[in-house]
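*Asks:* Mapping of the sequence shown onto our numbering: position 46 corresponds to residue 56, and the numbering continues sequentially without gaps.
No wet-lab data here; the hints were simulated from the structure. Bear in mind the structure is a predicted one, so any value in this text is a computation, not a measurement. Here a beta-carbon is modelled for each residue, glycine too, at the ideal position from N, C-alpha and C. There could be a bad hint or two in this list.
As the list claims (entries may be wrong) - Subject to a maximum C-alpha distance of 25 Å in a straight line, what follows is the list of computed DSS-like cross-link-like pairs (lysine-lysine):
(1) 75 with 32
(2) 71 with 13
(3) 13 with 32
(4) 32 with 14
(5) 14 with 71
(6) 14 with 65
(7) 71 with 32
(8) 65 with 17
(9) 17 with 75
(10) 75 with 65
(11) 32 with 65
(12) 65 with 13
(13) 17 with 71
To be verified - Quick list of simulated restraints, FRET-style, between CB atoms:
(14) 19 with 49: 36 to 42 Å
(15) 75 with 41: 16 to 22 Å
(16) 44 with 71: 28 to 34 Å
(17) 39 with 75: 27 to 33 Å
(18) 72 with 47: 17 to 23 Å
(19) 28 with 49: 24 to 30 Å
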Amino acid sequence: MLKKGDKVVMHTCGEAQHYDGKIWTCTTDEFVRGEGVYTQNLVFLEEFSGCFLAKYLQRVKFVQKGII
């Protein structure tokens, strides 16, 4: 589950081609809307209008050189 403050990129959707590698910041924790076949896991992203399907987001982790 994505958490507020996580850095993510979009993948395998039309928006991913448009924003091509842009790193987004989650402004909410991942949340669920709908029931049954209409269930969706969603998250709000900084500077993006509306919520976004979490299944099209990949968390990005940054590693600092020289730190183990």
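*Asks:* State for each hint whether it applies.
*Replies:* Verification of the hints:
1. Our distance criterion of 25 Å between C-alpha atoms is met by residue 75 and residue 32, whose separation comes to about 22 Å.
2. Annotation: proposed proximity of residue 71 to residue 13 holds, straight-line Cα distance about 13 Å (limit 25 Å).
3. Note on residue 13 and residue 32: the hinted pairing holds, with a Cα-Cα distance of about 18 Å set against a maximum of 25 Å.
4. For the suggested pair residue 32 and residue 14, the alpha carbons sit about 17 Å apart, so the restraint of at most 25 Å is met.
5. Taking the CA atoms of residue 14 and residue 71, the gap is near 14 Å; set against the 25 Å cutoff, the hint holds.
6. With a C-alpha separation of about 16 Å, the suggested pairing of residue 14 with residue 65 holds against the 25 Å cut-off.
7. Between residue 71 and residue 32, the direct Cα distance comes to roughly 14 Å. Compliance with the 25 Å bound is thereby established for this hinted pair.
8. Using a Cα cut-off of 25 Å, the hinted pair residue 65 and residue 17 holds, with the two alpha carbons roughly 14 Å apart.
9. For the proposed pair residue 17 and residue 75, the alpha carbon gap of about 19 Å is at most 25 Å, so the pair holds.
10. For the hint linking residue 75 to residue 65, the alpha-carbon distance of about 30 Å lies beyond 25 Å, and the restraint is violated.
11. For a cut-off of 25 Å, the pair hint linking residue 32 to residue 65 stands: about 17 Å separates their Cα positions.
12. Restraint check for residue 65 and residue 13: the C-alpha separation of about 14 Å stays at or below 25 Å, so the hint holds.
13. Between the alpha carbons of residue 17 and residue 71 the distance comes to roughly 7 Å, so the proposed pair stays at or under 25 Å and holds.
14. For the hinted restraint 36 to 42 Å between residue 19 and residue 49, the CB-CB distance of approximately 24 Å leaves it violated.
15. About 35 Å separates the C-beta atoms of residue 75 and residue 41, a value inconsistent with the hinted range of 16 to 22 Å.
16. For residue 44 and residue 71, the hinted distance range of 28 to 34 Å is satisfied, since their beta carbons lie about 29 Å from each other.
17. Take residue 39 and residue 75: their Cβ atoms lie about 30 Å apart, and the range 27 to 33 Å holds.
18. Under the hint 17 to 23 Å, the C-beta atoms of residue 72 and residue 47, about 37 Å apart, miss the expected range.
19. Checking the proposed 24 to 30 Å range against residue 28 and residue 49 shows it holds: the Cβ atoms sit about 26 Å from each other.
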